[in-house]
Every structure is written in C-alpha cells, then in structure tokens.
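If you're matching them up, the sequences are chains A and B in order.
All residue numbers for the first sequence refer to the numbering used here, where the first residue is 1 and numbers rise by one.
All residue numbers for the second sequence refer to the numbering used here, where the first residue is 1 and numbers rise by one.
Errors might be hidden in some of the hints.
Remember, identical chains collapse to one label, so a pair may be satisfied in a single copy or spanning two.
[What the hints assert, rightly or not] With a straight-line Cα cutoff of 25 Å, these simulated SDA-like cross-link-like pairs (lysine to any residue) come out: (1) K144 <-> A197; (2) K144 <-> N184; (3) K75 <-> H330; (4) K303 <-> V265; (5) K144 <-> D511; (6) K144 <-> D252; (7) K144 <-> D217; (8) K144 <-> R374; (9) K303 <-> R131; (10) K413 <-> Q428; (11) K413 <-> W148.
If you are wondering where the hints come from, they were derived from the structure by calculation, not from laboratory data.
Number of protein chains: 2
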Amino acid sequence: MGRLMPSHRSDTEAAAPVLPPSDLLFWGALFAGLDRSRAFLQLQIRQMIVTAIEDGRLPLGVRMPSSRDLASLLKVSRNTIVIAYEQLVDQNFLVSRERSGYFVVGLPKQIAIEPDSAIATTGGDVRWTERFALHPTSFRNIVKPLDWQNYPYPFIFGQFDPGLFPTNNWRESARAALSVPEINNWARDMIDGDDPALIEQLQRQVLPRRGVRARSDEIMMTIGGQHALYLIAKLFLGATSRIGMEDPGYPDARNIFSMLTSNVVPLGVDQEGMVPDAAFERCGLAYVTASHQCPTAVVMPLKRRLELLRIARERNIILIEDDYESELIHEGNELPPLMSLDRDQTVLYVGSLSKALAPGLRLGYVVAPVPVIRELRALRRLMLRHPPLNNQRVAALFIGLGHYRSHLQQVAKVLLERAKLLDRLLPQFLPNCTWTRGAGSTNYWVSCPPGTDATRLAEAARARGVVIEPGEVFSMNEAASRHCFRLGFSSIRTDRIEPGIERLGTVLAQDLCSH
Amino acid sequence: MGRLMPSHRSDTEAAAPVLPPSDLLFWGALFAGLDRSRAFLQLQIRQMIVTAIEDGRLPLGVRMPSSRDLASLLKVSRNTIVIAYEQLVDQNFLVSRERSGYFVVGLPKQIAIEPDSAIATTGGDVRWTERFALHPTSFRNIVKPLDWQNYPYPFIFGQFDPGLFPTNNWRESARAALSVPEINNWARDMIDGDDPALIEQLQRQVLPRRGVRARSDEIMMTIGGQHALYLIAKLFLGATSRIGMEDPGYPDARNIFSMLTSNVVPLGVDQEGMVPDAAFERCGLAYVTASHQCPTAVVMPLKRRLELLRIARERNIILIEDDYESELIHEGNELPPLMSLDRDQTVLYVGSLSKALAPGLRLGYVVAPVPVIRELRALRRLMLRHPPLNNQRVAALFIGLGHYRSHLQQVAKVLLERAKLLDRLLPQFLPNCTWTRGAGSTNYWVSCPPGTDATRLAEAARARGVVIEPGEVFSMNEAASRHCFRLGFSSIRTDRIEPGIERLGTVLAQDLCSH
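Chain A on its own, in the form it takes in the complex (with noise of 0.2 Å):
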C-alpha cells in the first residue's frame, strides 16, 4: 500500500479536521473528476470510489477518509459521504469497524483496465476484408461533425437542440415508468410485440395529426424511422427488385436499397417534389418524401399527390412514404401526407417521434397493411425482437399526459420564428444563392452560384465555427449537387442564426472571388 499514504490517525481524533497533506494529494487525485456543477454528488463520489475498487487503486483493507474530512475536501456535506459510505457498506464495498472508520472490503481478484493501446491486436484488415459478403463502410454516407455542439453555429439538420427538449415533462414521464407495477409492464420479453400504451396513444394523439386512421395491428414500432425502411426493404426487396429513388434524395434510404438490390432506379425531383414519369412507372416500389422532399424541402402539391396514388394503383407499384419529420412547423397550409389520401392501400407509412423529441432515443414507426404488418413483426423478432419496453412506455406515458401536443406547440413557435429570421436574412446575407424550403420543413436547401464546390465551402465556413451539410452525397451522381448545401435550423439557437449566416456570407463571398 506504499503510494497509498493510508491514514494512520488514531480514531478518536476528532477534532482533527482535515487530512494530512500527504493523504490530501492521493484522495485529492482520486476523486478530481468531481463535477460540483452536476446534481447527484452523492453518486459521482460512489462511483469514484467503485471504479477505484474495481481497478485496484483501492485494495484490500485500505482505510477510507472520515466523512468529516472528505466532507471538507471535496466541499460537499458530511451527510453526502455519509450516506454514500452507508451505500456501499450495503453493497460489500466498504466495511465499517465500530470507532475505527470504513475500510475497503475489495475484490477477489483485481482487475485492471488497461489502455487501448496496451492491448494488442492481431490480425489485419485484409484476411477479414476477404470474409466479408458485404462492405457498409463503404457506403458515401452523410457527414456531421460529430461534436457538432462545439461549433458556435451548426446549421445542421435533424439534430438535438437542448433548448427545445421538455425536461420536466420527460422526467416526470420517465419517473412514472420507474413505479412497480410499470416497471413489470416493460420488463419483460414480448417477443414480436410492442407496448400496447403506445400503439394507442400513436392512434390517438400522433396519427391523426397527420390525418392517419390505423388499426392497432397497422402498427409497429421501430428504433427510429431508419429502422423502419430497413425493415420495408428487408421484405419487399430480392436482388432484382426495381425501386424507384428520388434523386437527390436521403442518402441512408438509398445505401439501404443498394445493399439489397442492384436496381435502385433515380427519379427526378422538380419544385414539386419527386417526377411521377416513366422511369417511376417501371418501379415496383418507390421511396417518397411527399411532405417535405429530402433534402430540398419542396412541398408536392396536392395534385401531384392524387397523380402519385393514381399511378401507384394502376402499375401496383408500393410507395414507401417516409414522412420523416411531420410537420413540425405549423404554417397554416398543410397537406395530408400520401398515406391519409390512399384508399387502395399502396403506401407504407414511416413516422418518428425522434425529431420532435430526442434522436437518441430512436423512436419511430411504420403503419402498414395487417399482412404487412404481420411479416414485419416476424421480421423484427429475428432481427432484435421488439425496442426497448421501458422507453415505449416513457412515450406513451409522455404523449398520454398532454405532454407531446404542448411541446409540439412551444417546437412549432421557436422554429417559425427561426424560419422567419432566415427568410429575411439569406436574401441579405447570401444573395448570389437561390434556395427552397417548403411549409413545415427545419431546413433550406441551398444552391450556390455555378462552379461552386459546397464540400470545400462547408470545410471553410466550418473553420469559422458554421456547420453546413454539403450537398453532393445526396445525389447519386455527385456531380448535379456540388454546389448545393443543407441548411438546418432545428439544432441552432435563435440568436446565433444572425451572426451565423452573415460569416456564411462571407466565407461564401471569400469563395467566390478565389475561384
């Protein structure tokens, strides 16, 4: 125990308050990581002393701090290092002697952690490489900086805005799931089913704000809305299979048709959205952003929608609608989404409550035709079975409380707002660009002058502390989207959207005139 400096006061010292200066530089070290900004000090300091435990820092018969001298180091209340040593005393952590203090009980055999780099590895890429019978890493995916929330102004789509999410309300919901009887709701198996709460709640309060009527076997939840389309895919795509795939268009849903099929069929997009043509007619099945095309956000009219359908039943082509982020503004001028418009059951209906609520929490869902439904199930339970209960249940009590529809109301205030702010700004600020945004989408899709490279804008306008989302990967050929970006506001401050698009401005400006 040599670095340890273990205390060797003697127990009746009590009005010794505070430790030895050799003891205050080890304990000191040990518990640095204390976040006094954070709540649960009382957890933090158990799960230091647990993870020293574990690894070996602490052994066998090592005495710890008294509460009172602890208490004053790391300037907590005594109570909290009471309670926290009771804790693991309970948990055979930590052993009280009567007049003598805690001591750490340890472990059977210590394990230590060891860095990455300490752990070989053998073996490299090529002998795996050749056993491999498909390669996703070499798909052209979208690119975000991954700690996007470190760029003073991420224009980003799609993403988790701290300012917007319901806190109080989301922990009031989760608190409820964690009584007895909830938690013997979730907790189990269902093997191929979801939780009833959140089937009916979809029905009640989410789908029909999309104007959607399903019966509760014309449901079933995903982890996310990707899931979904895997899913769809999955079970309507042999090798061969002719879908149709708007161009540009969400290129995940595209790399999920592709590792299925080798006839991932383009079809134009217009202002109207996707171009019901002929290359559409041949299509056995086709993916369809209706509500707000991705990425150019362009709203297809009423007319087109009717065009669709008609189509669709005449050529029994199945129409995947992926209705990705509801309408979360409201701009008075909503369409139905294709699937309330279908009376002949050609659409696949692909919703999320992740874009209105946390994307980390993946929740999505399909509606779908009963026999449809029935073999997604199936599908879904040799896949992963079902997503997890606990959070199905968190959502059912948070939509069943009201809560869903006023927090769409406040997202549906600052978004507009947002949207407002950027109407009157781009002219100003990028006025050789032309953009489209339709009603009720979070982001523009941006279109700079000929010529320009929007990858190489984005890398600029990134080193500026501005995010955007370069264009090129959204087309299959990358060529027709170069100069194009996505502009998303669902992720920035309202305040920062200013100052955000007028460094754009310039970075654009700079761009052009040094090229």
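Given the coordinates of chain A, work out where chain B should sit on it, guided by the hints.
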C-alpha cells in the same frame, strides 16, 4: 352535451361536499380505471382527463368538478386534484375562471379513436404475399405463452423475474440519467457510436468476469444479443456461405442464418457440447454456445474448447460464440469462454445484459476484432444507427455504481437455491426421465421416455398451470427432440418449484399411461 350532465351549481356553494347523483355517474365512469394501488395517482388522473378531452368525451366548455368534489369522489387528497388541474391549465387543456372553477378548453378538432373493428381493411393477404421477397412468419419459432406470468408454475427460460429485478438500484441509476447534463449526453444522434461510459464499464466490470479483455474499439452495443447475431450473420453470410449450427440449437440463430444462406449445416451435440467433426471442418463459420449449450445446457470441457479453437485456426473457421447467459450462477467450476482462450482472433463474441437485468431493455453487445467492429458499426448505422442512448447511460451508471456486481451476487444465490431444489425434486417426480444441466446454467434439458410427445405434454401441463417449452423446435429434424423439453427456472418463484414439479410429474405419468 346532453349525456354530460354538466354541473350547474352556483360557484359559491362552498359547503356542498358531494356531486349530485347524475354527475357522480358520469365522472365515476370517466375515472373508473383509476388504480389506487399504484403510485402516481395525480398522473393517472391527468392522463384520464387528457384522454377524455382528446377523444371528445369532455368537449369544449364542460366545467370540471370542484377539486373538493372530485377528491371526495375519487378518495384522493384534494391537493392531488388541485395540482392535476393546475398542470392541465399550464398545458392549455383546462382554463381556470375566477370564482367559477375549471373548464375544458378542448381541441380545435375532436379526434375520435375508433375500435379496430370499425376501421376497414381492404386488400387481402394474397396480394401482399406475392410481393414479399421473404416470409419471416414462416420460420419455426420457440413459442411461449405471452401471458406466462399468469400461470402459477412458469418453468420458462430467460424471462423476467419481478422478484429478482433490482428495482431501487435501477431506479436510482435511471433518475441520475435524467439530470440535464446526462440528458444532453444521451439525447443526441451518435450516428454509428455508442455511449463511451457504457463501453468502459463493459471493459471494466462485465467482460473481465468472463476473462475477456477488449479494447474499446473492439466492442459494440446491440439491441439485445440476438441483434448482435443478426448483424454478424448479415456481414459474413452470402447466399452460399457454409455455416455450422448446433443441432439441437437456438432456433432464432438458425432462422437468422437460414434467411441469409441455404447452407446451414447441422452439427452434432453430445455430452460435451458441439462436436468438432468432419462436418464442422468444412464450415466457413460456426455458431457455438460453449458455456452452456442451448438447449441441452451441457458445458463444453476445456479440452474440447481448445480443440475447437485449434481446428478453427487451421481451417480458417470463424466461431460465433453466443455467451447468452454468461454464468448467472457461480458453482465454483466456471470455464473461460472461447473468446478468452482465443489467441488468433477466430472468435466473435456475443453477450447480453438482458438475462441478468430485464429482457425488455434489450441490451446486448458484441466483442470482435477492430476491422469487424468497424463494418458492424457501418451496418448497424444503416439499419438503425444505435441502440437508444438513454438506456446505455442508465446501464453505465448502474454498473459504475457497483449495482451490477451486487445484483449478480444476489441473483446467483437465488438461482443456485432453485437449482439445488430441482436436483433433488427431478429424480423424485420425473423418475422415468433423464436430464442435463451444466454448471452455471438456468435450465434443464429433459428427455422423456421414447415415444413421448413433449408438445402434447406441454399442452396438458399448461392446462394444469405448468409452463414448459417443448423441444422439437430446437432440432432441424423436429422428430429428434420430440420427446424433450426445456425446463427453465430463472422466472419461477422458488416456492412454486416443488408444487410445479409435482404437478408436472403427475401430468407426465398420466401421459405415459394413456399412450
């Protein structure tokens, strides 16, 4: 509002303690579902009011009962009603008018939720069936009654035991994950990432118990262990890949493989687990449950483990090791999993936290070489991005606070007691049967006398309240396991075991006599 019998009493009637009889009927029916045995009465009341407003039973303008009247009707404290009403005012479901009470604001348009039967389904199965590229419903699956908790003697495997769930400690961790900084951690989209805190806890506390040492980039989280199997199969199996499958074996694994390749090769199982014979040597991959073979629960001795690894190395066979229940019971003679004996990276390791905690949480993981994890992450990103991050964070806190360790100790104690009890009871009540169960396993694999149909036996037993799992689904040739059943004891209360086995013995004796 005819049937509503709205309250018309003067608002100054402070002394009137009860509702008039007509109101009583209406409001009593509205709150009929209130469960006073559950916590969160105030939440239940709010949810019922919201639901009634959403579905039109409480239309615009209805006056709510006074808090005193409703409190008296529902037998809750008046304060509960006051808080509920005030919250509903904040949410715009009610409005408070001075001296008049609370009135329903209602919704812009009423949404009537209809029973499933009222919504027509057009389009028959046939039309859809011909469009499917595969038919997942056609797989043979393990069938457990979904309502197994309602049977007095559920000898089923791998399900949730409410008596063993660490309610308070899980709740503590879940609440800690609801602090604002934690929400900011888990609410975001991690694209293809996982919670680094959970990965660290796996490295630190979970994997070392199994002798597995892994770098952080050799671990990936999945939606339960089954999802890990699916991802691995999808990455490695082409249409003609040759994969060895234990027979009898885990039906879900077999179904996953069968969906991807037509070359699923049955591999024999003896008293030492999977047999590494000539058929094994010709496989490209093999699925193996060395710790306790599923379903026979036999433990593969060290000698065969080493032989398996040697052949795999020589023949370039990839071993998928499903350590599905780890070692829930410590019986003092644990053997290291193949993964921890492997020096040549021939093993891909699948683990799960669901068995020890709760299947409903769906928390699994895979440990594999870096190039494999890299592709698995890209594949998972395509399929569903990542398992919900809030659950990852709660699990990280739960493990980090030392609760996982104490929980496993607690579970092991109870399960060992049940195993000892069954070791004593089986010879007594099932004298004509034989069975296997290796150390650490939570099920027996019982063979009845030749000619017994265990599926019929299971039906007869279920009619008497005893649930067992018929064996035939575990074998590729159903007849091979028709006389066997799986007897699990992780979900049945200890005090129910003796009467349950006695009753099962009676049912079996009757079956043997009658055929």
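Going down the list of hints, with the structure as the test:
no.	hint	in the structure
1	K144 <-> A197	between (35 Å within a copy, 22 Å between copies)
2	K144 <-> N184	between (39 Å within a copy, 18 Å between copies)
3	K75 <-> H330	neither (49 Å within a copy, 42 Å between copies)
4	K303 <-> V265	within (23 Å within a copy, 55 Å between copies)
5	K144 <-> D511	within (21 Å within a copy, 64 Å between copies)
6	K144 <-> D252	within (14 Å within a copy, 36 Å between copies)
7	K144 <-> D217	between (37 Å within a copy, 20 Å between copies)
8	K144 <-> R374	between (36 Å within a copy, 18 Å between copies)
9	K303 <-> R131	neither (50 Å within a copy, 28 Å between copies)
10	K413 <-> Q428	within (24 Å within a copy, 71 Å between copies)
11	K413 <-> W148	within (24 Å within a copy, 47 Å between copies)
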